[in-house]
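Model the full structure from these sequences, guided by the hints.
One point on numbering: in the numbering used here, the residue at position 322 of the sequence shown is 328, and numbering is uninterrupted.
Keep in mind that the hints were calculated from the coordinates and are not lab data.
Please read all numbers here as calculations on a predicted model, not as lab measurements.
From the three backbone atoms N, C-alpha and C, an ideal C-beta is built for every residue, glycine too.
There are no misleading hints in this set.
Derived DEER-like restraints, expressed as beta-carbon distance ranges: (1) Thr378 x Leu296: 33 to 43 Å; (2) Gln327 x Val235: 34 to 44 Å; (3) Leu296 x Arg216: 52 to 62 Å; (4) Glu261 x Ala34: 19 to 29 Å; (5) Glu336 x Arg216: 44 to 54 Å.
Listed next, the in silico BS3-like pairs over lysine-lysine satisfying Cα-Cα at most 30 Å (straight line): (6) Lys316 x Lys331; (7) Lys316 x Lys240; (8) Lys48 x Lys331; (9) Lys48 x Lys64; (10) Lys191 x Lys176; (11) Lys316 x Lys366.
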Amino acid sequence: MKIETWVQAPEGRLNAGVLLEAGEDVSAVQVLDALDRQAREKGIWLLGRAALRREGRKVGVQTCILPAMELPPLESRTAVYRLKQPTEAQVEQQLQALAQTQMISTEDDQPAHAGDLAMLDFDAVLEDGTRFSGSMGRNGTYRLAPGEDLPDGVWQVVVGKKAGESFACKVQLPHTYEDKRAAGKTAAYTGTVKKIVHQTMPTLDDAFARSFGQKDLIALREQLKNKFVEQETKAAKRIVAQRALHALCDETAVELPTLAVELEAEYQWRQLERRLEKSGISLEGHLRRLRKSREELDVSIRAHAAEDLKLRAVFLAVARQEGLKVTDAETEAAATAAAQGRAGVQIDRMQLRQRLHVEKGMRYVMERLTLTPAEQTTAQ
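Written out as structure tokens, the structure is:
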């Protein structure tokens, strides 16, 4: 494989021609990797995705070059984050969640209550007699509560049953059910309760607090409050920092190559179509749900593509300006992580290196960002 032509065309385009050796069989990812290496050798920063066209032994590649831009000052940037102190109700919620980790389990011949654990055998079929994923359980233990493994309508029927009793019910499975064949359909369940384990909350007293290393319940509540504030502070800082990055992007004037926006929009269309296909949803159904025409959705996708591309361009420019480099070792480590669990997948290193440069540019700005708390208020 040899790069024969390299033309920096108007509007930020890069046109390259690659000649393959006789009988050489290379993938698009390998061609792009060669193009990216050539760009780095020439000191050129690429932007966005690429379009390839192969004719015989020749591969034509179109992509774009990062445009010149004047970045706002990166030093001495500040942002204010606001943090609300937790209410007593929120602290109590944290205390209850902690208590649930210390549930007291007992077994007797009393009926099951909501929140108990039940060992069940069950079978289920759809109305046409079809079995589906999760339609059979043997000696499985299930918590009788919403959001657990048993669908709503099933666990409620088990509530009130004793060990040795049977149950039967018909329920509509959620539209998000993992087996798409059964999603949203009615299923008939029959089964037997084999064992009930009652779950009782511990008493929230000083002895309970001492089991967590605190001298009394007041001290435990204060610890939970402090932990809540610490977590909220981290979240507030993260949100404000992200807003500051977008603010820097908004302050930067940059003329994006038209081709780069078009290629990004095409990529986002392909991603949407793949997601819809995987979910078993037609594009027409998706449009009806959005109450948009295809043309309106296209406008929305193109606008989103332009926003994404501008963010990428600005922080690539930060990396370029500040001399932030991505090493081959960093690229290979990221490629290995991206390919984990996906045998035979080829990683587009051209896109990967752009992403790593963007991340370094963002970190550079965030490390220099001063975050200060606003006057604290109490949550309502």
